Amino acid sequence: MAADAGRRRGGRGRGRALLWCAWVAAWELAWGQLRYSVPEEMQKGSFVGDVAKDLALELAALRDRGARVVSEGRSQYFALHEKTGHLVTAARIDREQVCRLLEKCVLHCEVIMEGEMKVYAIEVEVRDINDNAPSFREAEIKLKVNEITAPGWRFPLAEAHDPDSGSNSVQRYELSGDEHFSLAMQTAPDGEKRPELVLAKALDREESAFHDLVLRAVDGGELARTGTARIRVVVLDANDNTPVFSQAVYTVRVREDVPVGSTLLTVRATDADDGLNGEVNYIFQKISDMASEIFYLDLETGELSLMRELDFEQVSSYELEVQARDGGGLFDTAKVVIAVTDVNDNAPEISMRSLVSAVSEDSPAGTVVALLHVQDRDSGANGEVRCSLGAGLPFRLRSSLGSYYSVVTARELDHEEVSEYNVTVRVTDGGSPALWSSAVLPLRVLDVNDNAPVFTEARYSARLHENNAKGTLVLRVRAADADWGQNARVRYRLWEGQVRGAPLSSYVSVNAETGALYALRSFDYEEVREVGLWVQAEDGGVPALSSNVSVRLFIMDENDNAPQVLYPPPVAASAATAGPGLGWTGVELAPRSAEPGALVAKVVAVDADSGQNAWLSYELAKATEPGLFRVGLHSGEVRTARSPLARDALRQSLVVVVKDHGQPALSATATLMVVLAESVAELLSELGGAAVPGEPPGSLTRWLVVAVAAVCCLFLAFLLALLALHLRRWRRSRLLAAGGGTLRAVPASPFVGIDGIRAFLHSYSHEVSLTAGSRKSQLRSLGASCSNTLTPAPPPDQCAVLLPQEPSSAAGHSGDALLQAQPNTDWRFSQTQRPGTSGSQNGEEGGAWPNNQFDTEMLQAMILASANAEAADGNSTLGGGTGTMGLSARYGPQFTLQHVPDYRQNVYIPGSTATLSNSSGKRDTKNAGSSGGNKKKSGKKEKK
36 MAADAGRRRG GRGRGRALLW CAWVAAWELA WGQLRYSVPE EMQKGSFVGD VAKDLALELA
96 ALRDRGARVV SEGRSQYFAL HEKTGHLVTA ARIDREQVCR LLEKCVLHCE VIMEGEMKVY
156 AIEVEVRDIN DNAPSFREAE IKLKVNEITA PGWRFPLAEA HDPDSGSNSV QRYELSGDEH
216 FSLAMQTAPD GEKRPELVLA KALDREESAF HDLVLRAVDG GELARTGTAR IRVVVLDAND
276 NTPVFSQAVY TVRVREDVPV GSTLLTVRAT DADDGLNGEV NYIFQKISDM ASEIFYLDLE
336 TGELSLMREL DFEQVSSYEL EVQARDGGGL FDTAKVVIAV TDVNDNAPEI SMRSLVSAVS
396 EDSPAGTVVA LLHVQDRDSG ANGEVRCSLG AGLPFRLRSS LGSYYSVVTA RELDHEEVSE
456 YNVTVRVTDG GSPALWSSAV LPLRVLDVND NAPVFTEARY SARLHENNAK GTLVLRVRAA
516 DADWGQNARV RYRLWEGQVR GAPLSSYVSV NAETGALYAL RSFDYEEVRE VGLWVQAEDG
576 GVPALSSNVS VRLFIMDEND NAPQVLYPPP VAASAATAGP GLGWTGVELA PRSAEPGALV
636 AKVVAVDADS GQNAWLSYEL AKATEPGLFR VGLHSGEVRT ARSPLARDAL RQSLVVVVKD
696 HGQPALSATA TLMVVLAESV AELLSELGGA AVPGEPPGSL TRWLVVAVAA VCCLFLAFLL
756 ALLALHLRRW RRSRLLAAGG GTLRAVPASP FVGIDGIRAF LHSYSHEVSL TAGSRKSQLR
816 SLGASCSNTL TPAPPPDQCA VLLPQEPSSA AGHSGDALLQ AQPNTDWRFS QTQRPGTSGS
876 QNGEEGGAWP NNQFDTEMLQ AMILASANAE AADGNSTLGG GTGTMGLSAR YGPQFTLQHV
936 PDYRQNVYIP GSTATLSNSS GKRDTKNAGS SGGNKKKSGK KEKK
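In this note's numbering, the protein residues as written are 36 to 979.
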């Protein structure tokens, strides 16, 4: 029962041991440490361990993550089989060569997962096999033994050397050959057993001078291997003193960089005998094969010198046994210990385990770009290493497993700032002087589309002359992108908009590659004066980035519109008066008693151009009497140059040429018919006689009756219009009073203080004028009051821009009292450069501008007031008498507000390249002033 209990306790003990081993293996696996064991001398490709299974990794994961095995040192003993995930031998491993002087041979390697930047350490123990036989340093050993040596004396023998370890090394010795000697084993203080030859029987030199023995060394392998040495014993005469060393143990410390040939120490032994028995020789009693190649012992002097360089990293200490033997065969033994001191003779080594050649610039901080392994073969402070990176680089080192370091990004990179780095890793040890080494890691920064295109200018503008050819290059926009490659390829396009209701793309286009802006159609300054658009620059990145820039295109005016004559009104021109083509004609009355400078008629013309191209001048091109009339250069007023004479023809034909100041100048002609008569009857007689030469006298009476009836009708219409005007004034005064005095308009009567104009308007109300537009003479009385002022309508063509504008409200509706805007204070000029529309000057003209800055507005208001009043009365017709300037005929109902553009926008200042424009964008209505011309009143016709 006690035996059964013991077996049960033994079984529990073995179970606990197995559980403990399993727990240790699981702990080491959790920390990434794998341990395997293989025998030495295995063939290349032999199985070592299943790494994939032990690391719980799929075979596909091993291939995808780039697993590989790296061994320490220059020799690679292991490799990873990709298909099976097994760790196999990469070469034949000789334990005695790889792990010389080491009891336990353990090789280290690492499995590196490049895809995950992970490292797994592996230890492989190389087990010894009995592949080496014991051997003796000397095949024949000579011993000299004095014949007086007493039985039992021991003679140390040289040990056999077996490179194998453990049970495969030398286990026992055997001796054969002679009964005088036997073999004994001596246990040393360090536990090592050494063979000794024991004298079993007294020697007799006379009986036998030599004894031959065979010493055999046997190892403990399954198939035991043996090594033999011959021992020859020479029997000597008596020698009763043995050599004695001065020290039992000699110890010396030398630096590993000591020069070859240096003497490390000298051993001394003395012998009290004389002669040959007192001569001492020194030999190595015990020394390893490696040490025998490094150290040399002088046979006679006992000096121990160096034959080869020492290497602390290979062997740090040596133990030798030296024997001093005299001539009689007696000897003494001493131990020599040589300690090698480390010297900083090995620079640190950097091994690149894994490296990323390129990294994206938007990679987050902490991205691993390289995995390094650093080691120094020196020991102590000489083997302590410090790693560092070059200054100013956006990278840092992070310690990993053991002596592994990771190079990671310290911040986000910028391809536009630096596109490529050469990261220098420097490793320095702690020796004095310190040794260092470095490695350069080339790294490219991949570009990411993180920069939008930037235009070279904040905004663009260009000027283009109207009537341009289709496809004309307007300007080029430029945008640059700080990115690289496809991300920096910039393309241009237009933001769609509208111009005058048409798509913007029908006016202009932009080249997608060059940014050149082209005009797709011919522009007309009178239709479009400015085009605003946006150009977008977009790069080729994914996703694409873009930016916009504003482009303003200003259309420049050209003289492409000839002057247009508004008065005289257009009629079919006869060959005699207007020449070939289309002309202008009208009939005006000039009294024979007119004084020089009397106003006869006025030619009114406009030009659709602007600036100097719209500055008009008038010239008298042809006249029946060349010296009788003259035309104002800038006003177009036809005045008498002298008093009419009796010899002057009753009918005078005048041809007035209107020219602008463009390059080249364009012109138009107007033909006026002036009748020299003192009365309407005389005028009618002249016109009647001219119209129908063969008409009988009875027809003249008939026409006079019709004229008188027409005058009466016009007078009645005038009374009705006057009553309506008074009602209108009363209504406006009520509206103004309700406004609380906040009126911005001028007084109700725009001609207060201008006596000449007021008198002219009162007389104008009763003047009559005849228009020779047909063969019938119609008498038209004025029925409109001239005290009202009508706000002019906006110009027919406004500047068209990309952004829509609010249309200006129309003025001039019948019966509405509209307020006038204040005069623009920008219209302030010197007396000699006072701007005005064509026809606004008064008095004699010598090329100078009018002195009154409101002359233009006053004349325009007079014209519009009369037109408004006459337009209000649908049945009335206008006529004019002497001194009325023909206003009734010029601005009758057929001459409405849309025929009168605002010429203040197109005023040209003589002697200057500037053109005045209304800054508010609207027509400022102002009170008209007196023309100041010499005007002679005619008496009212008496009613019959």
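I should point out that these hints are in silico values taken from the structure, not numbers from a laboratory.
One thing to keep in mind: the hints can contain errors.
Once the Cα atoms are required to be at most 30 Å apart in a straight line, the calculated DSS-like pairs of lysine-lysine come out as [to be verified]:
hint, residue 1, residue 2
1, 153, 79
2, 118, 228
3, 139, 153
4, 236, 179
5, 88, 177
6, 179, 79
7, 88, 179
8, 153, 179
9, 321, 139
10, 139, 236
11, 236, 153
12, 177, 370
13, 177, 321
14, 228, 177
15, 228, 179
16, 139, 370
17, 79, 118
18, 177, 79
19, 694, 657
Beta-carbon label-pair distances, calculated as ranges [stated by the list, open to error]:
hint, residue 1, residue 2, range
20, 290, 94, 47 to 57 Å
21, 151, 459, 33 to 43 Å
22, 245, 372, 28 to 38 Å
All figures in this text were calculated on a predicted structure; none of them were measured in a lab.
Note that CB positions come from ideal geometry on N, CA and C, so glycine has one too.
Going through the hints against the structure:
no.	hint	verdict
1	153 <-> 79	27 Å, holds
2	118 <-> 228	50 Å, violated
3	139 <-> 153	29 Å, holds
4	236 <-> 179	15 Å, holds
5	88 <-> 177	60 Å, violated
6	179 <-> 79	51 Å, violated
7	88 <-> 179	65 Å, violated
8	153 <-> 179	67 Å, violated
9	321 <-> 139	23 Å, holds
10	139 <-> 236	44 Å, violated
11	236 <-> 153	72 Å, violated
12	177 <-> 370	22 Å, holds
13	177 <-> 321	16 Å, holds
14	228 <-> 177	21 Å, holds
15	228 <-> 179	23 Å, holds
16	139 <-> 370	26 Å, holds
17	79 <-> 118	17 Å, holds
18	177 <-> 79	45 Å, violated
19	694 <-> 657	15 Å, holds
20	290 <-> 94: 47 to 57 Å	52 Å, holds
21	151 <-> 459: 33 to 43 Å	26 Å, violated
22	245 <-> 372: 28 to 38 Å	37 Å, holds
When held up to the earlier numbered hints, the structure conflicts with 2, 5, 6, 7, 8, 10, 11, 18 and 21 and fits the remainder.
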